[in-house]
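Those protein sequences? They're chains A and B, same order as listed.
My numbering numbers the first residue of the first sequence as 1 and each following residue consecutively.
My numbering numbers the first residue of the second sequence as 1001 and each following residue consecutively.
Treat the hints as calculated values from the structure; they're not laboratory data.
Predicted model, so just to flag it, every value in this text is computed and none were measured.
There is no bait here: all hints are sound.
BS3-like cross-link-like pairs, simulated, lysine-lysine; straight-line CA separation at most 30 Å: (1) A:K102 / B:K1044; (2) A:K22 / A:K110; (3) A:K22 / B:K1044; (4) A:K49 / B:K1009.
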Amino acid sequence: AQSVAQPEDQVNVAEGNPLTVKCTYSVSGNPYLFWYVQYPNRGLQFLLKYITGDNLVKGSYGFEAEFNKSQTSFHLKKPSALVSDSALYFCAVRDRPGGYQKVTFGIGTKLQVIP
Amino acid sequence: NAGVTQTPKFRILKIGQSMTLQCAQDMNHNYMYWYRQDPGMGLKLIYYSVGAGITDKGEVPNGYNVSRSTTEDFPLRLELAAPSQTSVYFCASGGLAGGADTQYFGPGTRLTVL
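Hey, can you work out the whole structure from these sequences and the hints?
Following this line, the structure appears as structure tokens:
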């Protein structure tokens, strides 16, 4: 069975500082990994994904994530946080090869960027 | 493209009432999903569909039903509403080629059962 863990309920960072939101996963094979962001009263929006290839994945709004197979991690990063980055961030994993596209989501990490 | 649309945005039900949450997508995606989001619990998959006429249960299907008569529409039916179904419901869709595996979410329906 596949699973994903986001060990921090909330991450606080000062504006302009680098940010990291942590994610670890468990799958039986090779994973597809995703990050989504949710702003208040909105649906989730896709940020980036790792399918194969380069371990460093770049996504929307200046975010990037690094796939680390040995540590089974896929941490989300940004070099300089903005107040507008404050939101709920979800990591998700899908085992592959898969039949249908069932994806398991983490419980979310609230990012608070302090002005 | 409108993407994924959901109606209604908000609804209050009394215990035992029923309702249908509507979901439509205009991206010609084969895959569609219904999730519920509860505080501190992340997203739980209720039902999913891999194409018109094909649906299957997710993690938390009890108390819900779905149908998929067209590629575009994937309504979620609540029968005999219970307080435990108070939640925010999200519909999502996904394609196979190109953006395969990326899910596109609707804005959600906030349901309260009293």
